[in-house]
Amino acid sequence: MKTPIYLDNHATTRMDPRVLDAMMPYFTEYFGNAASRNHEFGWVAEQAVDKARKQIADLIGTTPREIIFTSGATESNNLAIKGVAEMYAEKGNHIITAATEHKAVLDTCKKLEKNGCRVTYLPLKGDGLIDLEMLKESFTDKTILVSIMYANNEIGVIQPIAEIGKMCRERGVLFHTDGVQAIGKVPVNVNTDNIDIMSITAHKLYGPKGVGALYVRRKSPRVQITAQMDGGGHERGMRSGTLNVPGIVGLGEACAIAHREMPEEMTRLRGLRDRLKNKLEAGLDEVFINGSMEHRLPHNLNMSFLYVEGESLLMGINDVAVSSGSACTSATLEPSYVLKALGLGDDLAHSSIRFGIGRFNTEEEIDYVADKLIDVVSKLRELSPLYEMVKEGIDLSTVQWAAH
Amino acid sequence: MAYSDKVLDHYNNPRNVGSLDKSSASVGTGMVGAPECGDVMKLQIRVNEENGIIEDAKFKTFGCGSAIASSSLATEWLKGKTVDEALQIKNTDIVNELSLPPVKIHCSVLAEDAIKAAISDYRNKQGSKAPVAVEQTVA
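If you read the protein sequences in the order shown, they are chains A and B.
Numbering of the first sequence is given in the numbering used here, commencing with residue 1 and proceeding in unit increments.
Numbering of the second sequence is given in the numbering used here, commencing with residue 1 and proceeding in unit increments.
Please keep in mind that the hints were generated in silico from the structure rather than gathered at the bench.
Please read these numbers as outputs of a predicted model, since none were measured by experiment.
Just to be clear, a hint being listed does not mean it is correct.
Unchecked claim - Label pairs and their calculated CB-CB ranges: (1) S397/A x E55/B: 31 to 37 Å; (2) L8/B x M293/A: 33 to 39 Å; (3) N124/B x I394/A: 17 to 23 Å; (4) I394/A x D5/B: 33 to 39 Å; (5) N124/B x G126/A: 41 to 47 Å; (6) S19/B x D127/A: 36 to 42 Å; (7) V103/B x E170/A: 48 to 54 Å; (8) K6/B x T140/A: 57 to 63 Å.
As the list claims (entries may be wrong) - Residues on chain B that point at chain A, a partial pick, calculated with CB under 10 Å: (9) E36; (10) I53; (11) F59; (12) G65; (13) A67; (14) A117.
Even glycine gets a Cβ: it sits at the ideal position worked out from N, Cα and C.
With the hints as constraints, model all of the structure from the sequences given.
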């Protein structure tokens, strides 16, 4: 077993060597521009792009013509939301999203608010799920778009996407989902899930960074999007720019592998995740799972180790790559807004660790991480005045803290 | 994030972890911070009532590695000092000793507050005429 151990697969994934193998010829040998229509170099590149388009479409149950290539999910989210807001401005100006969306969605919505859009940010239930009744009440005759992520990047909670899509369809409102954490990990089908627009990225599914896609439905309903970048009119006019052929080949191959191996991989990763969870729960008291276990990605675990601060915990497991909701580990010095949106309180967010298990993790690694965490948490609790007080029977919520 | 060797040393081998009898007249207890802020420090001193020298100091800290190191260092420095000398310890001394980066300065402030709070508690117990003012700051 080699250290450091990578358990941060919601941030990014190691590229699958099979993906790299597929990409390699397209850097030096088949380097053509897919838009060059009059020679062999261009044709070969275009064929490779067409194949990738098909591989992506197959994974999400659609047709190749509905795939628009982008530089990644941040661009896809921007293009989807701004593109719809602009295209359908005459129809309305109201967008519904959720408080736990990725910043690429939230900040895009904030920008649109400055430009005259109205945005509803739905709160979440304690288990991290959308309240469908609240969503229903949020629609107005000005609503043009609902944007709710498929699965959350911190707590792995999977939203009731098909139901949300159905509610949108019944009201003639477009439905966009940021699918990056779910695609290739759990079955995603744009037709049974009633999705109109979906953001995709390669690097979360063992593909390269810097390439992604946007699924844009062509019929029932036919979705139109205003391009956000002017240029050569590539990708049906929705996204100009010379196609990143090697990256696109990588995204396609990553999708094909995920499609083939998903049933076995889901079972294996769920097994590892449950093994980690069970070991930690057996070895430690006062641990708390953040978000629904039932509606959750099989490879995600988000746990709070009460009375221990997240950054000090990460220091103790410095040969394990995970992330924490603690303020001290974030650039903004604010604890995780996702965990806060669940109504958990800052103290639980400060004590949280996100584990993202991936294709290349082994049982041996999981056992090592569990044992190490149990050891470090126990040590830090020896140091924790809060743990001592709780053990003395003091209710921490009744303590008057000298906040600073 | 890179930690200085001294922070790592205190984190891996914290000095003077534990608790003193907080009901004892010779023990002063300071508890500062709040769980929502991500750090709580408990710092205790036991003072020789004859000569005013701090004979023992203990801490427990919920917080990041720098908070743990700041309070661990504080207990080291407190031992052997008189109460008056202890009041001279400044947060900047802790920053310099541990090479804390700007985002971690609040950890050193918390440690200084904890020292003052512990001494204030001790003096209140002793019925001193001149209790130390503890800065009341609100987050």
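We went through each hint and held it up to the structure:
Checking the proposed 31 to 37 Å range against S397/A and E55/B shows it holds: the Cβ atoms sit about 35 Å from each other. At roughly 36 Å, the beta-carbon separation of L8/B and M293/A lies within the given 33 to 39 Å, and the hint holds. The hinted range of 17 to 23 Å is satisfied by N124/B and I394/A, whose Cβ atoms lie roughly 21 Å apart. The supplied range of 33 to 39 Å is met by I394/A and D5/B, whose beta-carbon atoms lie about 36 Å from each other.
In this structure, N124/B and G126/A meet the distance hint of 41 to 47 Å, their C-beta atoms being roughly 42 Å apart. One distance hint, 36 to 42 Å for the beta-carbon pair S19/B and D127/A, holds here, with the actual separation near 38 Å. Separation of V103/B from E170/A is about 49 Å and conforms to the stated range, judged on CB atoms against 48 to 54 Å. Restraint check, K6/B to T140/A: a C-beta distance of roughly 59 Å satisfies the suggested window 57 to 63 Å.
Annotation: E36/B was flagged as interfacial toward chain A, and the flag holds, the nearest CB pair being 4 Å apart, inside 10 Å. A least Cβ separation of about 25 Å between I53/B and chain A goes past the 10 Å threshold, and the interface hint is therefore violated. Nearest Cβ of chain A to the Cβ of F59/B: about 8 Å, under the 10 Å cut. The hint holds. The interface hint given for G65/B holds, since its Cβ lies 4 Å from the closest Cβ of chain A, which is under the 10 Å cut-off.
With a cut of 10 Å, the hint placing A67/B at the interface with chain A holds, because the nearest CB-to-CB distance is about 8 Å. The beta carbon of A117/B is positioned within 10 Å of a beta carbon in chain A (closest approach about 7 Å), and the interface hint is therefore held.
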